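Given only the sequences and the hints, what does the whole structure look like? Please build it.
One line per chain: the protein sequences are L and G, in this order.
Each residue of the first sequence is one higher than the last, beginning at 1 in this note's numbering.
Each residue of the second sequence is one higher than the last, beginning at 1 in this note's numbering.
Misleading hints may appear alongside valid ones.
Because identical chains cannot be distinguished in the list, a pair is counted as satisfied if it fits within a single copy or across any two copies.
[What the hints assert, rightly or not] Derived DSS-like pairs: lysine-lysine, alpha-carbon spacing no greater than 30 Å straight-line:
#1 Lys463 - Lys300
#2 Lys349 - Lys449
#3 Lys449 - Lys366
#4 Lys126 - Lys400
#5 Lys11 - Lys366
#6 Lys463 - Lys445
#7 Lys366 - Lys16
#8 Lys300 - Lys438
#9 Lys438 - Lys349
#10 Lys449 - Lys126
#11 Lys445 - Lys366
#12 Lys284 - Lys449
#13 Lys16 - Lys202
#14 Lys366 - Lys438
#15 Lys392 - Lys478
#16 Lys478 - Lys449
None of these hints come from the bench; they were simulated from the model.
All values derive from a computational prediction rather than experimental measurement.
Protein chains: 2
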Amino acid sequence: MAKPKKQPRPKAVTPKGFRDYFGQEVTQRTEMLRAIADVYHRYGFDALESSAVETVEALGKFLPDVDRPNEGVFAWQEFDEGGNGDWMALRYDLTAPLARVYAQHRNDLPTPYRRYAMGPVWRNEKPGPGRYRQFYQCDADTVGTASMAADAEICAMLADTLETVGIPRGDYVIRLNNRKILNGILELTFGKVKLGKLEGSKEENAKLQAVWDRNVEEAILRTMDKHDKVGDQGVRELLGPGRRDESGAFIEGWSRSAEEIDVVLSFLNSRKENNQQTLDGLYKLVEGSEIGRQGVNELKSICALLEAQGYEGNRIVVDPSVVRGLGYYTGPVYEAELTFEIFDEKGRKRQFGSVAGGGRYDDLVKRFTGQEVPATGISIGVDRLLAALREKGRISAQAKGPVVVTVMDRDRMADYQAMVAELRNAGIRAEVYLGNPKNFGNQLKYADKRNSPIAVIEGGDEKANGIVQIKDLILGAKIAESATLEEWKERPSQFEVPRGDLVAKVREILDSQG
Amino acid sequence: MAKPKKQPRPKAVTPKGFRDYFGQEVTQRTEMLRAIADVYHRYGFDALESSAVETVEALGKFLPDVDRPNEGVFAWQEFDEGGNGDWMALRYDLTAPLARVYAQHRNDLPTPYRRYAMGPVWRNEKPGPGRYRQFYQCDADTVGTASMAADAEICAMLADTLETVGIPRGDYVIRLNNRKILNGILELTFGKVKLGKLEGSKEENAKLQAVWDRNVEEAILRTMDKHDKVGDQGVRELLGPGRRDESGAFIEGWSRSAEEIDVVLSFLNSRKENNQQTLDGLYKLVEGSEIGRQGVNELKSICALLEAQGYEGNRIVVDPSVVRGLGYYTGPVYEAELTFEIFDEKGRKRQFGSVAGGGRYDDLVKRFTGQEVPATGISIGVDRLLAALREKGRISAQAKGPVVVTVMDRDRMADYQAMVAELRNAGIRAEVYLGNPKNFGNQLKYADKRNSPIAVIEGGDEKANGIVQIKDLILGAKIAESATLEEWKERPSQFEVPRGDLVAKVREILDSQG
Chain L
1 MAKPKKQPRP KAVTPKGFRD YFGQEVTQRT EMLRAIADVY HRYGFDALES SAVETVEALG
61 KFLPDVDRPN EGVFAWQEFD EGGNGDWMAL RYDLTAPLAR VYAQHRNDLP TPYRRYAMGP
121 VWRNEKPGPG RYRQFYQCDA DTVGTASMAA DAEICAMLAD TLETVGIPRG DYVIRLNNRK
181 ILNGILELTF GKVKLGKLEG SKEENAKLQA VWDRNVEEAI LRTMDKHDKV GDQGVRELLG
241 PGRRDESGAF IEGWSRSAEE IDVVLSFLNS RKENNQQTLD GLYKLVEGSE IGRQGVNELK
301 SICALLEAQG YEGNRIVVDP SVVRGLGYYT GPVYEAELTF EIFDEKGRKR QFGSVAGGGR
361 YDDLVKRFTG QEVPATGISI GVDRLLAALR EKGRISAQAK GPVVVTVMDR DRMADYQAMV
421 AELRNAGIRA EVYLGNPKNF GNQLKYADKR NSPIAVIEGG DEKANGIVQI KDLILGAKIA
481 ESATLEEWKE RPSQFEVPRG DLVAKVREIL DSQG
Chain G
1 MAKPKKQPRP KAVTPKGFRD YFGQEVTQRT EMLRAIADVY HRYGFDALES SAVETVEALG
61 KFLPDVDRPN EGVFAWQEFD EGGNGDWMAL RYDLTAPLAR VYAQHRNDLP TPYRRYAMGP
121 VWRNEKPGPG RYRQFYQCDA DTVGTASMAA DAEICAMLAD TLETVGIPRG DYVIRLNNRK
181 ILNGILELTF GKVKLGKLEG SKEENAKLQA VWDRNVEEAI LRTMDKHDKV GDQGVRELLG
241 PGRRDESGAF IEGWSRSAEE IDVVLSFLNS RKENNQQTLD GLYKLVEGSE IGRQGVNELK
301 SICALLEAQG YEGNRIVVDP SVVRGLGYYT GPVYEAELTF EIFDEKGRKR QFGSVAGGGR
361 YDDLVKRFTG QEVPATGISI GVDRLLAALR EKGRISAQAK GPVVVTVMDR DRMADYQAMV
421 AELRNAGIRA EVYLGNPKNF GNQLKYADKR NSPIAVIEGG DEKANGIVQI KDLILGAKIA
481 ESATLEEWKE RPSQFEVPRG DLVAKVREIL DSQG
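The following block contains the structure:
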């Protein structure tokens with residue numbers, strides 16, 4: 001009989017692009033999500049947790065071909081006898097599931113429907129440094145109202161949220177823009193630029209013109225997005241004759257006229273000293289376009305509502321250079337930016353940047369129901385916000401571990417368990433050492449690895465005398481760094497107290513450690 | 001030109017076996033998980049959030065064939081050019097990922113490693129009523145120690161957890177058993193039963209005997225699990241000559257002798273008045289087997305440690321009829337049962353039953369590293385525990401909605417927003433009606449759908465007089481049920497107060513509603 005082949009041992013690794021989160025990484029995020037949920041809840045938003053798995057059909061956008069689903073999502077086919085099972089996929093954001101949920105349950109949900117959602121999403125993309133295929137999103141959306149009061153409310157809530165989690169006023173700004181203003185500009189300026197004489201039928205020419213218009217629109221958005229890097233001159237070149245970049249490579253231009261490019265630049269540079277002046281300037285820029293005027297008026301309403309509630313113009317700023325999302329959204333867009341400076345990987349100072357963004361989109365459930373339902377919402381980048389708080393020292397990178405009760409006498413485990421029970425009942429995090437107690441050094445090494453603030457020791461002598469030894473491990477580590485041998489021998493970080501004073505003394509030391 | 005085919009609209013449904021959770025379903029679970037995490041944390045357990053996606057290789061157990069993965073998990077193949085991409089799958093529990101994480105990071109983790117994890121897991125199983133393919137697990141495990149103090153600690157923590165989330169002492173019991181005692185019984189009794197004379201080679205016969213032994217073992221476990229339904233006589237028949245069930249169908253027996261079956265029944269029925277007596281009886285039963293004695297002694301240590309900490313014998317009970325998990329675990333097993341009665345779907349009274357279970361298993365990371373690492377842990381059925389709290393009325397099934405500020409004058413939206421801002425700043429959940437305000441009836445219907453406790457009204461007259469109307473919607477609904485027309489006309493549920501008293505009056509009404 002042939003021996004069965006030995007299976008090789010499996011590798012203990014996550015799939016590429018996935019990672020695990022330990023201890024404080026988990027609890028700090030949980031704590032932040034709870035604080036955010038509190039604010040959302042106070043604003044009348046209801047929690048929604050949709051399933052992580054959706055039909056590919058409902059997710060849309062990413063339709064699988066027979067052999068394999070398109071990239072972008074993780075998808076698989078449900079097994080059935082004929083091999084014709086449905087395709088399922090992991091959600092790639094929290095908006096597509098909201099659309100499905102709203103279409104499915106719209107008769108039971110209130111209108112307007114304010115909901116928040118927080119949880120992981122998955123992207124089937126090439127992973128990179130700091131770029132994972134599973135990450136958290138934290139969204140709030142209002143579905144079913146076109147009122148600008150909904151947009152203003154989202155902006156106010158975003159500001160409240162940032163302050164609640166620990167970003168003080170002055171360290172953030174919420175920047176506002178409106179896709180409709182850009183549409184007005186396109187209509188007034190680029191709308192007039194027709195392709196030259198075309199040789200096809202009227203229908204074919206119209207189609208070509210439409211494709212061209214869309215290309216120009218996208219090119220303008222992409223170029224606007226580069227404005228902070230390439231400056232006015234760069235935009236002139238990219239939209240005009242083309243541009244040679246630092247590496248010497250030549251990027252084809254879009255051959256737009258100087259007048260057209262002037263309009264784009266006026267738009268980009270139209271942020272003035274205050275919102276009123278910015279809005280007046282924008283109004284002049286798009287005065288000839290109905291959609292453009294509408295866009296400016298929408299921002300005016302939002303600003304008026306926010307100011308009436310005490311959100312001043314230095315917290316919420318109309319800024320036409322906000323491009324992110326302009327391609328996706330249909331009305332107002334918002335972006336929360338942290339304005340304090342940090343040092344990047346290369347040691348250069350830069351602003352921390354964006355931690356949240358959102359805006360208005362009006363075709364949320366149309367795919368499902370045929371009806372247009374207006375919606376507006378925000379998504380907070382939870383992991384970036386956590387990183388910001390760590391940068392600012394608002395949350396510590398290192399967690400305090402539990403008090404460790406050491407085991408001096410294996411047979412008196414019940415005594416040690418009773419000690420930790422007392423400590424826990426007093427609300428103090430505590431544990432007994434559960435490894436092999438033979439080597440006491442290992443117990444202290446363990447306490448060190450656990451980042452324990454305090455170790456408790458009760459050997460036979462202590463037991464007989466009714467006392468315990470309590471070691472302040474944090475003070476001990478400080479002394480070890482700088483003390484002379486004499487100082488060290490005095491062990492000012494070790495205290496002998498009656499067994500009955502255990503809890504009180506531990507609390508006193510914990511308080512002194514801050 | 002052929003018209004492009006119209007795509008049919010996608011269906012707005014979750015995949016079969018998945019569901020969405022709304023509002024309070026989400027927040028109550030979050031709240032419970034937070035409370036559980038607090039207890040776990042106080043016991044020195046650290047949070048771990050592993051990735052939802054694992055390599056199929058690391059998950060083990062479920063190896064995919066080329067055409068499709070085995071049932072049990074949702075799995076898919078990572079795309080690569082040659083079609084040889086790795087298989088990935090959604091985790092089906094939190095223990096397999098713990099094994100992978102511990103094997104991967106064991107040099108950085110403390111030993112013993114206490115960790116807790118909470119989150120969704122996915123099962124590719126046929127869904128049924130109340131049986132979903134995504135559900136929450138909430139685990140705590142101690143890895144790297146064989147000490148019974150670890151098992152005792154988990155039992156104590158489980159008791160504390162149940163009381164913390166709202167199950168009072170007396171309404172739960174934690175039942176203990178030990179796989180080693182059963183092994184002792186198998187060794188003493190069934191181990192002696194050899195198959196008759198076999199015709200193959202010595203090797204082949206040994207293999208047959210091993211298969212037979214395993215079958216008998218499984219049959220005994222399965223039969224023990226039916227004891228509470230079929231009673232002693234049923235067990236006698238199932239392990240002996242076979243049994244005719246209620247429907248008249250005949251179930252083959254296992255032809256064990258009366259003496260053998262007696263031992264199984266003594267084991268099952270050996271729970272006595274208190275743990276001491278139960279343990280003494282068990283000791284006599286397995287006295288001749290070393291593994292059996294070890295099993296009893298382990299339970300003795302656990303009970304002694306727990307009693308020393310004040311967990312009396314009526315909270316934590318040695319009960320040899322606990323079978324669940326005996327097949328999977330290698331040492332002590334524990335199960336938390338809620339003992340209060342509820343009415344089942346058919347209106348019959350029954351005990352609520354199990355909400356958590358766990359035990360000791362010793363081959364956690366062996367697959368990865370070749371080393372045996374002892375571990376013990378518990379898994380809480382969060383959704384069952386939530387259901388239990390709802391049954392007991394400890395958490396309400398219906399959430400209170402936000403205060404709704406109605407819109408009487410579309411142009412004064414800023415006034416209404418200012419009101420909700422005041423209410424929120426006072427910590428009161430509040431929102432402005434954001435739908436079309438034309439029809440006031442719709443606004444009240446909306447408040448009703450939101451389950452609002454209070455509606456605030458400020459029309460032009462009120463504004464002019466500096467007052468607001470505040471409707472107590474809960475009192476209003478009560479009055480509407482029973483009041484005469486006269487009473488109703490007096491509107492004792494509606495209050496007119498100065499605008500400046502808005503927050504105070506709203507709070508007063510909320511307090512009166514309880």
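How the hints compare with the structure:
1. Lys463 - Lys300: For Lys463 and Lys300, only the inter-copy Cα distance (24 Å) is at most 30 Å; the intra-copy one is 75 Å.
2. Lys349 - Lys449: Classified as neither: same-chain Cα gap 34 Å, cross-chain 51 Å, threshold 30 Å.
3. Lys449 - Lys366: between (55 Å within a copy, 24 Å between copies)
4. Lys126 - Lys400: neither (36 Å within a copy, 45 Å between copies)
5. Lys11 - Lys366: between (46 Å within a copy, 12 Å between copies)
6. Lys463 - Lys445: For Lys463 and Lys445, the Cα distance is within 30 Å only inside one copy (24 Å; across copies 70 Å).
7. Lys366 - Lys16: between (36 Å within a copy, 23 Å between copies)
8. Lys300 - Lys438: between (73 Å within a copy, 23 Å between copies)
9. Lys438 - Lys349: neither (52 Å within a copy, 53 Å between copies)
10. Lys449 - Lys126: neither (35 Å within a copy, 45 Å between copies)
11. Lys445 - Lys366: Between copies only: 25 Å across chains, 61 Å inside a chain, cut-off 30 Å.
12. Lys284 - Lys449: neither (65 Å within a copy, 44 Å between copies)
13. Lys16 - Lys202: Answer is neither; intra-copy 51 Å and inter-copy 49 Å both fail.
14. Lys366 - Lys438: between (69 Å within a copy, 25 Å between copies)
15. Lys392 - Lys478: within (24 Å within a copy, 52 Å between copies)
16. Lys478 - Lys449: Within one copy only: 16 Å inside a chain, 60 Å across chains, cut-off 30 Å.
Hints 2, 4, 9, 10, 12 and 13 from the earlier list are contradicted by this structure; the remaining hints agree with it.
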